[in-house]
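Sequences are here, hints too, so could you generate the full structure?
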Amino acid sequence: MSRVGALLARETALTWGRGGGPLVSVGFYAGVATLLPLAIGPEPTRLSAIAPGAAWVALALASLLSLDRLFERDFEDGALDQLALSPVPLELTCAVKCLGQWLATGAPLAIAAPIAAIGLGAPLTLAPPIFVCALVGGLAFAFTGGIGAALSLGARRGGLLTAVIVLPLFTPPVIFGGGALAAFASGLPWTAGFALLCGYAAAAVALGPLAMAAACRNALS
Amino acid sequence: MIQSLELREVGVRRGGRRLFSGLSLTLRAGEACALTGANGAGKTSLLRAVAGLAPVEDGEVVFGGAEVSEARAGGLHLVGHNDGLKPARTAREELAFWSIWSGGTEASALGAAEALELVNLLDLEVRRLSAGQRRRLALARLLAAPRPLWLLDEPLSPLDAGWRTRFGAIMQTHLAGGGLILAAVHDPLPVAARGLEIAA
Chain A
1 MSRVGALLAR ETALTWGRGG GPLVSVGFYA GVATLLPLAI GPEPTRLSAI
51 APGAAWVALA LASLLSLDRL FERDFEDGAL DQLALSPVPL ELTCAVKCLG
101 QWLATGAPLA IAAPIAAIGL GAPLTLAPPI FVCALVGGLA FAFTGGIGAA
151 LSLGARRGGL LTAVIVLPLF TPPVIFGGGA LAAFASGLPW TAGFALLCGY
201 AAAAVALGPL AMAAACRNAL S
Chain B
222 MIQSLELREV GVRRGGRRLF SGLSLTLRAG EACALTGANG AGKTSLLRAV
272 AGLAPVEDGE VVFGGAEVSE ARAGGLHLVG HNDGLKPART AREELAFWSI
322 WSGGTEASAL GAAEALELVN LLDLEVRRLS AGQRRRLALA RLLAAPRPLW
372 LLDEPLSPLD AGWRTRFGAI MQTHLAGGGL ILAAVHDPLP VAARGLEIAA
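Order-wise, the sequence lines are chains A and B. Just so you know, we're using our numbering here: the first sequence kicks off at 1 and counts up by one. Just so you know, we're using our numbering here: the second sequence kicks off at 222 and counts up by one.
Some clues are possibly wrong.
Beyond 10 angstroms from chain B on every Cβ pair, some chain A residues (computed) [said to hold, decoys possible]:
1) Pro87
2) Ile115
3) Ala163
Partial list, computed: chain B residues near chain A (C-beta under 8 angstroms) [said to hold, decoys possible]:
4) Pro276
5) Gly280
6) Ala294
7) Leu299
8) Phe318
9) Trp319
Calculated directly from the structure, the hints in this document are not laboratory data. Where a beta carbon is used, it is the ideal one built from N, C-alpha and C, also for glycine.
Now the structure itself:
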């Protein structure tokens, strides 16, 4: 097995098993979807109108839950030192860690997203676009969230700092994904919003690891 | 392949405080150096600076026979207080991963486990290991993926007398094969080593 393959398998397993793994994020997500009708009323027309947007915002917040420990534990226990002493560039290492995060929490959330939206009253035809948008959006959330997690390394209340750094970075995918889903629900062309979401995710995958590696090096020194 | 390590008038600062300056050392293949000094003198910081994980304030770290980036990306091992082992994973999973990550294989990880008598412990979670067993697991990385320069931060502290002697034999074999060892210690190393004291 190659170094990168071994790291991806390890990161996915660690994220899957860490503090309840994807169950925490999916449980939080299900909780939001359950509480929403109680807060705004059970009227089906109102619920079905906000279902895609609500599901999308809940997805962004659920993605945030598991991000704060992405680098922190490796930093504290010395694993980040060992990961840095390798021919594998730290940028690639950071990218693989985010990919593991996405596989272990982003993919389960993408499966839960259409279920929650349909539960809130969204039509069945919305399920495929919600799944695809959640899958691509989850990638953007993992790679932009990784920047916040790396920048807050070693800081007290790092989780809070991560949220403060990350929320502005989450805004574009929330707008693009929510816009695409709203357009699809209204029968309008939705590919422009989806293309922007894909573009943002691609930029996050390409540029995020550079920022993460720089932040990790700074924290290690 | 690193053939020598030279510290030229090295100074290190940590957290805004200068720990030491003007430290010089030349270590050649087959030589070991015991780094001593009071707690907080900067022994760990020096090891991290040699590994490139901390900045060198003054002076220079030179690796003979290898570019600096090449030496740090695959020519040295750093085993410190924080071993990077995950408590919830088994010793087998952790050793195999770090072996592959350091350039070894799963087979070489098993060979290292045999050398450090960890075979019967491999299916235990890391959190179930004693401090000494856990240190042996961390040290097994040195054998699973051979690299010429070993930077060791108090490698012997949790080991019992028998294992200190046996690890001394492992160090001796490494030195006989042209390896280099720079170890921060409070007790004498179980191999012939030069001494370098960091004074505050």
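We went through each hint and held it up to the structure:
| no. | hint | in the structure |
| --- | --- | --- |
| 1 | Pro87 | violated, 5 angstroms |
| 2 | Ile115 | holds, 29 angstroms |
| 3 | Ala163 | holds, 25 angstroms |
| 4 | Pro276 | holds, 5 angstroms |
| 5 | Gly280 | violated, 16 angstroms |
| 6 | Ala294 | holds, 5 angstroms |
| 7 | Leu299 | holds, 6 angstroms |
| 8 | Phe318 | holds, 5 angstroms |
| 9 | Trp319 | holds, 7 angstroms |
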